[in-house]
Every structure is written in C-alpha cells, then in structure tokens.
Amino acid sequence: MRLTVDGLDITLGATPVLRDVVLDVSPGQIVGLVGPNGSGKSTLLRAVYRSLRPAAGVVEVGGRDVWRLSSRAAARHTAAVLQDGAGAGGLTVAETVALGRTPHHGVLGRDGEGDRRAVAEAMENCGIAPLADRDLSSLSGGERQRVLLARALAQAPELLVLDELTNHLDIRARFELLGLIRKTGVTTLAVLHDLDLAARFCDRLVVLHHGRAVAAGPVLDALTPRLLHEVFGVRARAERHPDGVIRITYEADPLAP
Amino acid sequence: MVLAIGIGAVNVPAGDVWTVLVHHATGRGAVDDIALDQIVWQFRTPRVVLAAVVGAGLAVAGAVLQTLVSNPLADPTVLGFSHGASLGAVLVITLGGAGLGGLGVSGAAFAGALLAGLLVFALGQRRGRLAPTRLVLAGVAVGYVLLSATSFVQLRATPTELRGVMFWMLGSVSGARWSQLPAVTAVVAIGTALLASFGRRLNALLAGDESATSLGVDVHRTRAVLLVVAALLTGTVIAVAGGIGFVGLMIPHLVRLALGADHRRLLPLSALLGAVYLVLVDLLSRTVDRPNELPLGILTALLGAPFFLWLLRRNKGLDAA
Ligand SMILES: Nc1ncnc2c1ncn2[C@@H]1O[C@H](COP(=O)(O)OP(=O)(O)OP(=O)(O)O)[C@@H](O)[C@H]1O
Ligand SMILES: [Mg+2]
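In the order they appear, the protein sequences are chains Y and L. Using our numbering, you'd call the opening residue of the first sequence number 1 and step up by one each time. Using our numbering, you'd call the opening residue of the second sequence number 258 and step up by one each time.
Note that these hints are calculated values from the structure, not bench results. Please note: incorrect hints may appear among the correct ones.
As the list claims (entries may be wrong) - Partial selection, computed: residues in chain L whose CB lies under 8 Å from chain Y:
| # | residue |
| --- | --- |
| 1 | Ser-454 |
| 2 | Arg-457 |
| 3 | Asn-460 |
| 4 | Leu-463 |
| 5 | Arg-513 |
| 6 | Ala-515 |
| 7 | Gly-517 |
| 8 | Asp-546 |
Stated by the list, open to error - Beyond 12 Å from chain Y on every Cβ pair, some chain L residues (computed):
| # | residue |
| --- | --- |
| 9 | Leu-293 |
| 10 | Thr-351 |
| 11 | Leu-419 |
| 12 | Ala-481 |
| 13 | Leu-530 |
| 14 | Leu-540 |
| 15 | Ala-562 |
To be verified - Across the chosen pairs, the derived CB separations fall in these ranges:
| # | chain 1 | residue 1 | chain 2 | residue 2 | range |
| --- | --- | --- | --- | --- | --- |
| 16 | L | Tyr-401 | Y | Asp-20 | 47 to 57 Å |
| 17 | L | Leu-537 | Y | His-105 | 50 to 60 Å |
| 18 | L | Asp-475 | Y | Asn-37 | 47 to 57 Å |
| 19 | Y | Glu-121 | L | Ser-454 | 21 to 31 Å |
| 20 | Y | Ala-129 | L | Gly-284 | 57 to 67 Å |
| 21 | L | Ala-440 | Y | Arg-110 | 23 to 33 Å |
Even for Gly, the Cβ is constructed at its ideal location relative to N, Cα and C.
Bound-form chain Y, shown alone (with noise of 0.2 Å):
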C-alpha cells in the first residue's frame, strides 16, 4: 500500500519537531528514513502509526487519511515495531505475538483457525517458534526485537514502519530479518541507523534534519559526500561497489573538519 505523507508539522510542548515533511513509499518499496539523533524520525512514525496527531499535514495510506480512520480500522494495515521495548507485563512470547491479531477482532472474537496460522507462521518466519511458552521478560535484547517483528508481521500488515528493529540484533539477525521483510514484500518505511545496512536494504532513502527532510530518493542520489558530513558531521563517501552493492566508506578521520 503506498504511504503519502505531505506537508506535516509537529510541535511537541514549544518545539516544532517537524517542519513540511513531504515524503513517499511506493508500494512494495522499502524506504529508509536517517537522520541524526533528535532529527524527528520517531516523531515522524508516531504520526503515521496513529499516536500523535500532527499539527498540519496530511498522512495517507493507500489513498485514505489515516486521522481519519479510527484506529483499529487504521491498525488492520499498518504495523509497527517500536523503539520503546515491549512493556513489561507478563505475557509469553506466543501471546505477545498474538497481540498482533487485535484490531482482526471485535469486542467478541474469538480467535480461529486464521488467527492461529498467522501467529505461527510469523513465529516460525522470526525464528523465535522455540521461544514460544518463555516469558516475554526473560528474552535477551535481540530475541525480544525478533518477537515485536514477528507481532508486526502476524498483523497482516500493507504498511510496516520500523523505529530501529536492528538494534540489540547479532550481524547475522540483521541481515536475516531485514532479507525476510524483503522477501514479504510488504510496503516499509524503516528508521535505521546503520547506514550500511539501510544502502544495501533500502530502494530510496529519506533523510531527516533538524525536523526537515533534506534529502529523499535512491541511496545514492540522496546520501552525497556533503550530505553526509552536513548533516551526519562525519566524512564518508557511498559508492556502489562491482558486485553491486552499495558500501559506506568512511575516511581515516570521520570527524575531520
């Protein structure tokens, strides 16, 4: 499903947080938003994820505000991993998955055979099927990010927006579970910090400054020499490489002036 978002501000207590933020996923894309600390990625998915309602703008998915569904009918297609944690509350690892198939339900559902196979086939796709009866608590880091994705995924999701899902992951879990969004080919709009992994993941890129988007398309239209030092402060140079692949190098003194 595709993802407009067009002119939105946020103000949160007397900051504007973001400024006219025009921005674009095409169906079936994975968009990469970066930026620095503080530069508003977050605030941004909570506009689209229905959590903080935006000062103007609009956010549309697939054709249809999102403020004005109500937000179990926005929830049905878009799904979020958060940087916020799981909470802490006592549930397995199977029923915080199961959360996922909350806004398929009315007050009375109960869960069938459709509700099942989703959870299943997400546990089983994340790699966390072993983990099933374990306390949500008792995860490590990089477990617990593998549990809130396969949530999202039981979800049944057109649109994933992702905060962060690679911290806490081993190397290896990066790849795996930003190849198995990949392989879904659900419409995703991930915050990443890596910019590594968002070059080699990602067709377009959006990159967010100081609440601004300054820069937007593919990796290497978007992520110049300038740009990085402008806005990352370091030194570095992306250049795809002859096997295809798009690598940051960074010079042997990043912070150089």
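The hints should help you fit chain L with the ligands onto chain Y, whose structure is shown.
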C-alpha cells in the same frame, strides 16, 4: 456453598440446608422448623451470596486497575476509591445521615468512592490523556487527603460511634439482606462482563501505550472507560460490605502466577477465585471465635498475605515481570 451456609453460630446439617434451599428455589418440599428456615434463608444464604459477589467484584476491579496503571500494586485502596468510601461512611456514622442529605451509610460510601474516582480521574490527566504514573500518584495523594479527613472525623466521634466506624472499615457481609442482593449482583455481573469484554485491549495495554496504539487500541478512551467501570464496581461493593482490603491485590496475582496474564482468562478466573476466597474467609470469620464474628478485612490479609508471600518465594520468575 451449601456447607458455608450451614456452618456458623448455629450449625445446620448440609441436608437440612439443601432442603430449605430447594424449598425456596422451587417451592417443592416443606420446611417444618421455622427457626431453621429463618437462619438458612433469611441470614446465611444472602450472606454467602453477598460474600461471593463482593469477592468477585473486588478481584476483577483489582486485576483491571493493575493493568490500567501498569502497576502491580494497584487496587481500589491505592487508587483512593476505598478511602473515599470510608470518608462517606464515617461521616454518616458520626453525624447521622441528615447531614449528608439523608444518605445511608451505603449510599454515602458509594458516593465517596465515586467522588474519589472522579478526582483521581481529573488529576491523572496530562494534556488530555490519562498517564499511568500520574494516575497512581493522584490516587495515592487523594487517598491520603481523604484518610486524614476520615481520621479527623474519627477523633471527634464517641467510643460507640468509633466501634461502628472500625467495624465498617474492616468490612463485613453480616448485614446481607435479600433486598439489596439483586442490585449489587447486577452491578457486579454487568461490570465484570463489561471489563471482560475489554480482554484483548487490556492485553494490548500490557505491551505499552505506543504499541497498544499501533495495535489499534484507542488507549485514552479505553483507559477512561475502564477506570469509570472499575470505580463503579468497587464503589458498589464497598458500599455494601465496607473496606475489605487485599482481595483486589492478591487474587489477580494468584491467577497470574498460576495461569499467566492473558486477560481473557485472568478476569473470569479472578472473579471466580475472589468469590470462593471471600466465602471461605467469611465462613472463618464467624467460626473461629463463635459466637462472635471477626471483621472480614482482618482475615483477608491475615490469611492471604502469608500464602501470597509463600507463592512469591516459589516463583522466582516474577522479579523480571
Ligand atoms: N514531549 C516532547 N516535548 C518536547 N520535545 C520533544 C518531546 N518528545 C520529543 N521531543 C524532541 O523532538 C525531537 C525529535 O525526537 P525523535 O524521538 O523524533 O527523534 P529521533 O530522530 O527518533 O531520534 P533518535 O535517533 O535518537 O531515536 C528531539 O529533539 C526530542 O528531544
Ligand atoms: Mg527515535
């Protein structure tokens, strides 16, 4: 249940209890002994039913409040409801109903609990959203204010009034009458069903507010509705049975320890266990020191706490939760 009805200051054999119950329920058979009929049908039966209803209501309200404010310590006392009820009851006991517009003790307790609930609700908001930590802090603060007001009123009470106050605050179902049961039972049944229908959304709340929102739960509205229903439920129960503590705290945790935190199981089972527990406690309250009766509030904690602590020791996994 039949046994609980039979045992008391005067013991009645289970067979006789059964005969009386069947007689009143179906009109069949006959009861020759009028005193027996009185004891069983007019006093014991409503009392046991009330104990069950009160236990169920307190346990369900506690379970919901704990999730609502993301705090395992939450219960009607922590959120100030019980202190509001106490103040209302104490005012009527010492000043008489006239001063409060003719309210009885029950009415005043109910009003007090609801007013406390509304106050906590109003103070627990931040930018129009109910924040868990703020709710707990508001509840504790409001509770302390009401508690000092209650103490102040008590200081000026006569010894006889004080005894009445003490007895009320420690809770009892000995005043149970058939006439009050339908209303209380209906509120507890409807309240419990309503809260249970939020099972899925309560589960989502366990994942944190942001996650719950992304799962399609309107967090603010859900919290508001649940808080109001829980306050009504406890207000009703406390109004008829006084301040019975610890049930709302202990029973939900027992169920969680045994069967996990999924609210679709937790709420019905808490209701059931709460009902059984309070029937048993009430039974003990009128048998340990026959023919005197102990207030329920003393026994709920005295019996419950050691058992609860023992369970906690056995479940080391709880620390992480
Ligand atoms: N409630 C608030 N009141 C005022 N400012 C806030 C509030 N919440 C966030 N901010 C500010 O908004 C800015 C954007 O925050 P946001 O969480 O979107 O950053 P981010 O790009 O996700 O950063 P990170 O990479 O560290 O996760 C930050 O400067 C933050 O301090
Ligand atoms: Mg962030």
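Status of each hint after checking the structure:
This hint holds: Ser-454(L) has a C-beta 5 Å from the nearest C-beta of chain Y, less than the 8 Å allowed. Annotation: interface hint on Arg-457(L) holds; nearest CB of chain Y at approximately 5 Å, less than 8 Å. The criterion of a C-beta within 8 Å of any C-beta in chain Y is met by Asn-460(L), whose closest approach is roughly 6 Å, and the hint holds. The beta carbon of Leu-463(L) comes within 3 Å of a beta carbon in chain Y, closer than 8 Å, and the hint placing it at the interface holds.
Because the smallest distance between the Cβ of Arg-513(L) and any Cβ of chain Y comes to about 6 Å, under 8 Å, the interface hint for this residue holds. A distance limit of 8 Å between C-beta atoms decides the matter here; for Ala-515(L) the minimum to chain Y is near 12 Å, and the interface restraint is violated. Residue-level restraint check for Gly-517(L) holds (minimum Cβ-Cβ distance to chain Y is 6 Å; threshold 8 Å). With a least beta-carbon distance of about 39 Å to chain Y, the hint placing Asp-546(L) at the interface is violated under the 8 Å criterion.
The beta carbon of Leu-293(L) is kept farther than 12 Å from every beta carbon of chain Y, the shortest such distance being approximately 45 Å. Listed as outside the interface, Thr-351(L) is consistent with that label: its C-beta sits roughly 43 Å from the nearest C-beta of chain Y, beyond the 12 Å cut-off. The beta carbon of Leu-419(L) sits about 42 Å from the closest Cβ of chain Y, which is more than 12 Å, so the claim that it is off the interface holds. Non-interface status of Ala-481(L) relative to chain Y is upheld: no Cβ of that chain comes within 12 Å, the nearest being about 14 Å off.
Distance to chain Y confirms Leu-530(L) as a non-interface residue, since its nearest Cβ pair spans about 17 Å, more than 12 Å. With a minimum CB-CB distance of about 32 Å to chain Y, Leu-540(L) clears the 12 Å threshold, and the non-interface call stands. The claim that Ala-562(L) lies off the interface holds: its Cβ sits roughly 21 Å from the closest Cβ of chain Y, which is beyond the 12 Å cut-off. In this structure, Tyr-401(L) and Asp-20(Y) meet the distance hint of 47 to 57 Å, their C-beta atoms being roughly 49 Å apart.
For the pair Leu-537(L) and His-105(Y), the beta carbons lie near 36 Å from each other, so the given range of 50 to 60 Å is not met. Between Asp-475(L) and Asn-37(Y) the beta carbon distance is about 30 Å. The supplied range of 47 to 57 Å is therefore violated. Hint check: Glu-121(Y) to Ser-454(L), Cβ distance near 28 Å, so the stated range 21 to 31 Å holds. A hinted range of 57 to 67 Å holds for the C-beta pair Ala-129(Y) and Gly-284(L), which are about 59 Å apart.
With their beta carbons about 32 Å apart, Ala-440(L) and Arg-110(Y) fall inside the hinted range of 23 to 33 Å.
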